[in-house]
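J.: Start from the sequences, fold in the hints, and give me the full structure.
Number of protein chains: 2
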Amino acid sequence: MSDIKTYIHENEPRFLSEWFSLLRIPSISAQTEHHDDMQRCARRWAELLHEAGAERVEVMPTEGNPVVYGERFVTSDAPTVLVYGHYDVMPAEPLAAWTSAPFEPVVRDGAVWGRGADDDKGQTMIQVKAFEYLVRHDLLRVNVKFIFEGEEEIGSPGLERFLSDHRDLLRADVVLVSDTSMLGPDLPSLTTGLRGLAYWEVEVTGPNRDLHSGHFGGAVANPINVLCKLLAGMTDSNGRITVPGFYDDVEELSPEERRMIASIPFDEAAYMRSIDVRQLEGEVGYSTLERNSCRPSFDICGIWGGYTGEGAKTVLPSKAYAKISCRLVPHQQHEKIGRLVARYLETSAPASVSVRVTPLHGGEGYVCPLDLPAYRAAAQGFGQAFGRAPLAVRRGGSIPIVNSFERVLGAKTVLMGFGLESDAIHSPNENFRLDIFRKGIEAVVGFYLAYGSAAR
Amino acid sequence: MSDIKTYIHENEPRFLSEWFSLLRIPSISAQTEHHDDMQRCARRWAELLHEAGAERVEVMPTEGNPVVYGERFVTSDAPTVLVYGHYDVMPAEPLAAWTSAPFEPVVRDGAVWGRGADDDKGQTMIQVKAFEYLVRHDLLRVNVKFIFEGEEEIGSPGLERFLSDHRDLLRADVVLVSDTSMLGPDLPSLTTGLRGLAYWEVEVTGPNRDLHSGHFGGAVANPINVLCKLLAGMTDSNGRITVPGFYDDVEELSPEERRMIASIPFDEAAYMRSIDVRQLEGEVGYSTLERNSCRPSFDICGIWGGYTGEGAKTVLPSKAYAKISCRLVPHQQHEKIGRLVARYLETSAPASVSVRVTPLHGGEGYVCPLDLPAYRAAAQGFGQAFGRAPLAVRRGGSIPIVNSFERVLGAKTVLMGFGLESDAIHSPNENFRLDIFRKGIEAVVGFYLAYGSAAR
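Each protein sequence line maps, in turn, to chains A and B. Residues 1 to 456, numbered by this note's numbering, are exactly what the first sequence covers, in order. Residues 1 to 456, numbered by this note's numbering, are exactly what the second sequence covers, in order.
Don't take every hint at face value.
Note that the list lumps identical chains together, so a pair holds whenever it fits in one copy or between two copies.
To be verified - Pairs of lysine to any residue residues, derived as SDA-like cross-links and limited to a Cα-Cα distance of at most 20 Å, are as follows:
(1) 229 - 280
(2) 319 - 274
(3) 319 - 97
(4) 412 - 94
(5) 319 - 92
(6) 336 - 240
(7) 5 - 36
(8) 319 - 277
(9) 229 - 349
(10) 5 - 139
(11) 229 - 201
(12) 319 - 279
(13) 319 - 280
Keep in mind the hints are simulated off the structure, nothing from the lab.
T.: Have a look at this one:
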């Protein structure tokens, strides 16, 4: 492996300059004003893929943001790996909380700082630079295809259609994704399960205009009051979701699984310190690691209504809004859950208001079998790079497209993610440690070498 | 009265041009960026007061926005009326809901449209133009003092201090205020009671930064979820406020009062149609008119937190905020209620978050005796102008300074208000009907003539 270490060391200034060129593009898929940035970012990835050794590189239009495609064909005897990444990023708000500007990347304290530094531009760079090394040293023994999409952070609304439309082009034996995180910098782990997600916007309408709270208050339903009651009622005092039917498809954890989760080194006090809370809170009867990976959750991601400016304005507003989401576990179907939640909110609301529930996105959960050859190759790569065999863990995040890969392409996905909790993805001050970036490249190189030998 | 009708008719173009010059100034006290507009508006009122016949007109500095003062002394034998108004207005948001721009007044459908058209620039114009008529026709038989403040919409934080500092200058037998509304255009009424108000901002802090709802959701308390539960818990299913001690000082309505309220002509179906709701909602056991005038209420005036932009962003936010208010009834003290509400919220919150409650403003309720000579003069003026004796009604709004006038100056207040519900004060498309404006001037002239004769 000393060759790859040397290669990284000698090429790191170029890696950083290429990575920064991506981070400087505010490719925020949730905000339509960034339409041109999406195109720019896709074209930049296409250049970088081509320079790394990919062929047939193409920016492929979709109904939404384009998909970047590239491939390198070795021989039809070899298995094919489809590498998936996404070039879109989360909005950067609240901007004031960033130490350095989100789209002006810098190296500080041994890490790269900026929106997308980890999720997913940094992690995707790991894939591309490992590939580049193998190509330039003639070590690639499997066929590789790349697709980088631009709508992951908004639920990949067009990707399933894209997969269907290009089923032959994308055919692969396994999908490789670097978009998850590890337990810690010295605790390498591979994600073997993901939660699903369902996300809705709720609009509550009361009177047809904002009213004077003195003249009407007490006699007319206030839509913010009603919204708070509706959302408060969605969980009970045991931290369980009250929506009828919500738990119908939730599989209880087996004793074995619970033992495995309990064996994961986890310092709850350090976890609390890192986010500065005095007490954790969740579903009664489950541990923190079970709650944030294997159990469903309900989070209000945003809420707004009435007067939110400076000072005091008395008003009984016409409307109130919330963005709400549930993390789902494997077997729960987001569309079914969506129907249950919408019915619950609509039927629980008093006749004094009207409620509209709009699904914004959703996806199912996923479980990866531990005896999959590609999984074992990934574990080997991790072991070589981090000096320690990775743990297999289920995580609480959601990558809805992992499910689509299975359904549409018939391929399992291996989640070789290198994120850390301290990377603050989706938050201000997102960052990615350079030591992890380097080890990540080594681990992916290790994966390809192991997977290539296994296939021979 | 034909003289006054003629005077109004002949001078109306000038009245409108003066009124519009005030409405064009966005004197929004809640927003510090309008600091200069407050000064401009005060100076403009000083010019108009002077032109109307006031003497010793002065823009008096305070720690906040200045107070406009003017007076006209007739004889020390005559009683003194202190006319109060306010030149500040509510924020105009949501701007998109206005048919014509809030600070570009227009006449349309027999009304003046713009922020402050009624509250309180329009109603204060009624006072000034009635005074002008009496001065120019040598009919003024009482001493008149004017104070127009610039902080009413943010709770008049500096006015009580101003009254104390200028007790001698402001000494008066009665205070006259046009800042309330009537039951309807053909149902003249005088407001004889007001509710008090207490208003707070609530801040709930969970983790020290926005978290990924996939990685943390289900295990870490979400401050928006907690805020919704706290606020939802402040009222019960009977529409009663649950804060311990909240109703301790609330006086039950007497059977006589309830009979009087029941006798007020009130079309509940029309009321519902006008605000487009299918059902009214409030404290069980009370009628709509009791609920919105004589009973306390709890309204969330604003709420915000997390991601509120376009599309779907999954986040477990660090903070959530709300602006909440209670309308209070006479005898409830806003400071005591503030302590109860703060204690309730702070002690009800789980240890997984911290809660901060900041009082933003407050004031006590008020009741006016019906045998007050100035009240009877006002009733007479209304009768002459509207052709029908006004009803005495208690209203749900709050004018905290009415209480200060009594406490600091020892003077009762007569509330000669000319607003209509359709004026949409505090809302988009605020307006003031010109026929009401004219009758208002007649009614105030009638008040001065009756009050002057009674005093002789």
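J.: For each hint, tell me whether it holds in the structure or not.
T.: Hint check results:
1. 229 - 280: Only across copies: residue 229 and residue 280 sit 17 Å apart there, 23 Å inside one copy, limit 20 Å.
2. 319 - 274: between (37 Å within a copy, 16 Å between copies)
3. 319 - 97: Result: close only across copies, 13 Å inter versus 29 Å intra.
4. 412 - 94: Neither. Shortest intra-copy (37 Å) and inter-copy (50 Å) distances fail the 20 Å Cα cut-off.
5. 319 - 92: The answer is between: 16 Å across copies meets 20 Å, while 26 Å in one copy does not.
6. 336 - 240: Only inside one copy: residue 336 and residue 240 sit 18 Å apart there, 36 Å across copies, limit 20 Å.
7. 5 - 36: neither (37 Å within a copy, 64 Å between copies)
8. 319 - 277: Classified as between: cross-chain Cα gap 12 Å, same-chain 32 Å, threshold 20 Å.
9. 229 - 349: The answer is both: 9 Å in one copy and 16 Å across copies each meet 20 Å.
10. 5 - 139: Answer is within: at 15 Å inside a copy they meet the 20 Å cutoff, but 99 Å across does not.
11. 229 - 201: Classified as both; 16 Å inside a copy, 19 Å across copies.
12. 319 - 279: Between copies only: 16 Å across chains, 34 Å inside a chain, cut-off 20 Å.
13. 319 - 280: Only across copies: residue 319 and residue 280 sit 16 Å apart there, 33 Å inside one copy, limit 20 Å.
When each numbered hint is compared with the structure, violations occur for hints 4, 7.
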